[in-house]
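Q: I would like the entire structure built from these sequences, with the hints used as guidance.
2 protein chains.
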Amino acid sequence: MTRARLYLYDTTLRDGQQTQGVQFSTAEKHQIAAMLDQLGIDYVEGGWPGANPTDSEFFASPPATRATLTAFGMTKRAGRSAENDDVLAAVLNAGTNSVCLVGKAHDYHVTHALGITLEDNLESIRASVAHCVAQSRETHFDAEHFFDGYKANPDYALQALHAAQEAGARWIVLCDTNGGTLPNEIGAITEAVIASGIPGDRLGIHCHDDTGQAVACTLAAVEAGARQIQGTLNGLGERCGNASLTTLIPTLALKPSFAARFETGVSPEALGQLLRISRKLDDIINRVPLRTLPYVGASAFAHKAGLHASAIAKDPSTYEHIDPSLVGNARLVPMSNQAGQSNLRMVLADMGLAVARDDPRLPGILDDIKTREEAGYAYDSAQASFELLARRALGQVPQFFEVKRYRVTVERRKNKYDQMVSLSEAVVVLKIGDDKKLSVSESMDAEGHDRGPVNALAKALAKDLGPYQGAIDDMKLVDFKVRITQGGTEAVTRVIIDSEDGQGRRWSTVGVSANIVDASFEALLDAVIWKLLRDGVRPCPS
Amino acid sequence: MTRARLYLYDTTLRDGQQTQGVQFSTAEKHQIAAMLDQLGIDYVEGGWPGANPTDSEFFASPPATRATLTAFGMTKRAGRSAENDDVLAAVLNAGTNSVCLVGKAHDYHVTHALGITLEDNLESIRASVAHCVAQSRETHFDAEHFFDGYKANPDYALQALHAAQEAGARWIVLCDTNGGTLPNEIGAITEAVIASGIPGDRLGIHCHDDTGQAVACTLAAVEAGARQIQGTLNGLGERCGNASLTTLIPTLALKPSFAARFETGVSPEALGQLLRISRKLDDIINRVPLRTLPYVGASAFAHKAGLHASAIAKDPSTYEHIDPSLVGNARLVPMSNQAGQSNLRMVLADMGLAVARDDPRLPGILDDIKTREEAGYAYDSAQASFELLARRALGQVPQFFEVKRYRVTVERRKNKYDQMVSLSEAVVVLKIGDDKKLSVSESMDAEGHDRGPVNALAKALAKDLGPYQGAIDDMKLVDFKVRITQGGTEAVTRVIIDSEDGQGRRWSTVGVSANIVDASFEALLDAVIWKLLRDGVRPCPS
Chain A
1 MTRARLYLYD TTLRDGQQTQ GVQFSTAEKH QIAAMLDQLG IDYVEGGWPG
51 ANPTDSEFFA SPPATRATLT AFGMTKRAGR SAENDDVLAA VLNAGTNSVC
101 LVGKAHDYHV THALGITLED NLESIRASVA HCVAQSRETH FDAEHFFDGY
151 KANPDYALQA LHAAQEAGAR WIVLCDTNGG TLPNEIGAIT EAVIASGIPG
201 DRLGIHCHDD TGQAVACTLA AVEAGARQIQ GTLNGLGERC GNASLTTLIP
251 TLALKPSFAA RFETGVSPEA LGQLLRISRK LDDIINRVPL RTLPYVGASA
301 FAHKAGLHAS AIAKDPSTYE HIDPSLVGNA RLVPMSNQAG QSNLRMVLAD
351 MGLAVARDDP RLPGILDDIK TREEAGYAYD SAQASFELLA RRALGQVPQF
401 FEVKRYRVTV ERRKNKYDQM VSLSEAVVVL KIGDDKKLSV SESMDAEGHD
451 RGPVNALAKA LAKDLGPYQG AIDDMKLVDF KVRITQGGTE AVTRVIIDSE
501 DGQGRRWSTV GVSANIVDAS FEALLDAVIW KLLRDGVRPC PS
Chain B
1 MTRARLYLYD TTLRDGQQTQ GVQFSTAEKH QIAAMLDQLG IDYVEGGWPG
51 ANPTDSEFFA SPPATRATLT AFGMTKRAGR SAENDDVLAA VLNAGTNSVC
101 LVGKAHDYHV THALGITLED NLESIRASVA HCVAQSRETH FDAEHFFDGY
151 KANPDYALQA LHAAQEAGAR WIVLCDTNGG TLPNEIGAIT EAVIASGIPG
201 DRLGIHCHDD TGQAVACTLA AVEAGARQIQ GTLNGLGERC GNASLTTLIP
251 TLALKPSFAA RFETGVSPEA LGQLLRISRK LDDIINRVPL RTLPYVGASA
301 FAHKAGLHAS AIAKDPSTYE HIDPSLVGNA RLVPMSNQAG QSNLRMVLAD
351 MGLAVARDDP RLPGILDDIK TREEAGYAYD SAQASFELLA RRALGQVPQF
401 FEVKRYRVTV ERRKNKYDQM VSLSEAVVVL KIGDDKKLSV SESMDAEGHD
451 RGPVNALAKA LAKDLGPYQG AIDDMKLVDF KVRITQGGTE AVTRVIIDSE
501 DGQGRRWSTV GVSANIVDAS FEALLDAVIW KLLRDGVRPC PS
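Order-wise, the sequence lines are chains A and B. For the record, in the first sequence the residue sitting at position 268 is 268 according to the UniProt record's numbering, with numbers rising by one throughout. For the record, in the second sequence the residue sitting at position 505 is 505 according to the UniProt record's numbering, with numbers rising by one throughout.
Be aware that a few hints might be false.
Because identical chains share one entry, a pair is satisfied inside a single copy or across any pair of copies.
Once the Cα atoms are required to be at most 25 Å apart in a straight line, the calculated SDA-like pairs of lysine to any residue come out as [stated by the list, open to error]:
#, residue 1, residue 2
1, Lys151, Pro256
2, Lys459, Arg227
3, Lys314, Gly79
4, Lys437, Asp120
5, Lys404, Glu123
6, Lys437, Ala90
7, Lys431, Val421
8, Lys414, Lys463
Source of the hints: derived by calculation from the structure; they are not laboratory data.
A: The following block contains the structure:
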């Protein structure tokens, strides 16, 4: 049986940017476009050329994608020709093979928001689409507020779609702009559209999550016959977000009732990268990944209930709707039970630490992890600190040096040119063997700008490690993440530091304290000690 | 037309507690039960008496609720009588009027997870339900893995339901335990159950969000005839969570296609408390409320796109699927460089700043926002800093005081008990009118713990504001968020501070710098100045 092809249209770079707090740079847009391409998306909507400098810059040097890059814009304004509409011109000047124009399909919006006649709006749709088609563009027409418009005035809403179809639009996209339409309504109205003479393989669907049903609404339209799916990675988008491609893609690929009937451009290999791509997007927008995200969330295959965990030990399918590895995810069973111990042994084995099944130190390590995670530590993001914790419990971390004290000062005052400037200075006092080492550093960078207290501390700590200096000279701090989190009953600061060395090794360490400087110093120390340990440096006798 | 009654069954206190990181105390369970009662929930499942000390303690001193308090448990084990099953006895000994027993409905789970015969399982269901009914309990039967079981062996799955029905269960609850079933399957199978002889008004539905469709699955079962809805507040629950009552309740109440046919025990007044109840639960479990939550999220009615904002200014219904006040929420027009001049004018009007459409200062303010957001500022999360930016451009922020300099020191060393301890100290020098004010503070909290350099700075800044002191005495720092972000070409630190005053006002300010202490100080300063301005404090002449 041949399966119908569904086309995936991603609007992360345009509608996704309407998310509160999200603002992509041009470089980030390129990064995301590459991720979408790797995933096997058919259309990548890059933004609205002419609407803002970032989007214009993106289209001025567009990424080379296998996916069809699409420029978004609006149907021409009434009272001028398509040829003379500067907004439309900016969209066409982006030079993409594909364009998407949004236009009104709801009579009330035409007369009240635009303030033009119903016929003028149809003429704008017709002329704008025809103009794009004449310029050899594959043209998508986003019918804004289509479902609300259909409920208010079905004849007019359909006329808007047919105007676009007759003008040559390849795709007519039914948009539930306000996100309030329910799945059964979406299904029934999509069927009515097809009955009116627009075939399903020219119909797209664009939903929002305002009733928590964007995915279900999208699938209802597919069931009714629509063949293009618009959405965003991780469900980014205005208000509650757009339909999430991160959820739709695995549902279409892995649920038999869809997989038997439909195919997309996403290969099983690309699907296996889904978690990585989802997390990468969160990295770019600097968000804590949502643990409960379907398929790719850290909790999506976490089994806390004791009954479930023991059944899973017999057969994972008993409490898992899919095999988590198909989307790059993994089962997670809390570390506090028997399954936790075997997990722990596996992790330790990966670090080269073979520990027997009945080693009496295993429960102690698990308890330690539990206590420290309750205090705010996060070991899944700081494997090097986890390794140090385990090695300490196993008596494998020597005392390389002792931190006697440190002090960091930030001072902000006027300089001789009467400008306010800052200066951070750190003093670190160590005991290495029998030697006492005092180091002091400022945090000035090459341009003479102050980089703050943590930078000063890192420089002071690394300035004179005596006999160990050779081992840490090639080490640098490459990332620094700060989170305010809960440690027991009060807020604490968690700092995660990523370090890198000359061999290209990268490792992450964590520190937690109510004092951000202390938390940072703890993570810095772990980073140095891990490096000394991994390089096989021998401690000085003291 | 009479509307069918839908019964709401909340399992926040039992299934909700399977959420990773959630563990309710008995006192918290009482608090949540009271919230559910206020909302108008019909059944409150309090936990599993006998399974853990907290749940047993909760039922030992149960809350007085209008809702029917329900104890959860499991059908008896094979090979013993219902009367002699200690697990079942613990459930009945809780003394509630209502009990819910989970039992197997999937043949594979019976033979593989339980390891008993199919007939033994049916007997366990029959005998357990009959025993509860004989003890005058309203009995719910949770048919675990029902949908997967029906797909594998429909006859056996239905036999399990009928065993419970014949034994006198008031409610037979169809559970999609693994959360992988799709809405159309849920609808079709629920219809098949009704066709088999179990009327819809004895059927409940229990869904999980593993494909992001728990709400849609629940509504599909209601469409098919089920009349009891199980779910949790905010969609808490194992893995991706349970069906969210916080989303289902307003959908049932406010969407015409459901409201015309169904009613629940939730009054319009209670619905107006939905946001407050949702946030209160987040408070209890110490979570940052999810901004994108349907209906009650902080972003659920946020309009970032310039085009949308200008239409909303004419008529809010153009881009809102419901009136946000019906669920206790409010419209939000965030400022960002995406936004156009009409957004800006609306936001300014909300602050009491009427600015004419053609005011020449508007483009300058937008440019300023753009430049600063590129440098790392985020004004949609820091409305008070945005207001100061706009008011400065309009010449409405007087110079209350001048910061001459500050210095903050963090020192970590051994105390007299040979323990490593930290101490943070800050000095702030201000000029107020003609007076120079030097203030110094430590960051010690009531328990003698160091809270770090930002805390010390905040205390020093607020210590002696001379003539302004009265205005800031009731002000406190309630949240502090740190992000490493991109400011132009290099990483900078963005700090957002939430402040609150004695009138319960809450405001957010932002600071950005490569130096975290400087970024924090900038946000602190904005917080103080916003408060002075809003309180109408007059600046001292200098």
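Q: Now, for every hint given, state plainly whether the structure supports it.
A: Here is what the structure says about each hint:
no.	hint	in the structure
1	Lys151 to Pro256	between (33 Å within a copy, 12 Å between copies)
2	Lys459 to Arg227	neither (57 Å within a copy, 60 Å between copies)
3	Lys314 to Gly79	between (71 Å within a copy, 22 Å between copies)
4	Lys437 to Asp120	neither (81 Å within a copy, 67 Å between copies)
5	Lys404 to Glu123	neither (79 Å within a copy, 64 Å between copies)
6	Lys437 to Ala90	neither (64 Å within a copy, 57 Å between copies)
7	Lys431 to Val421	between (34 Å within a copy, 18 Å between copies)
8	Lys414 to Lys463	between (29 Å within a copy, 22 Å between copies)
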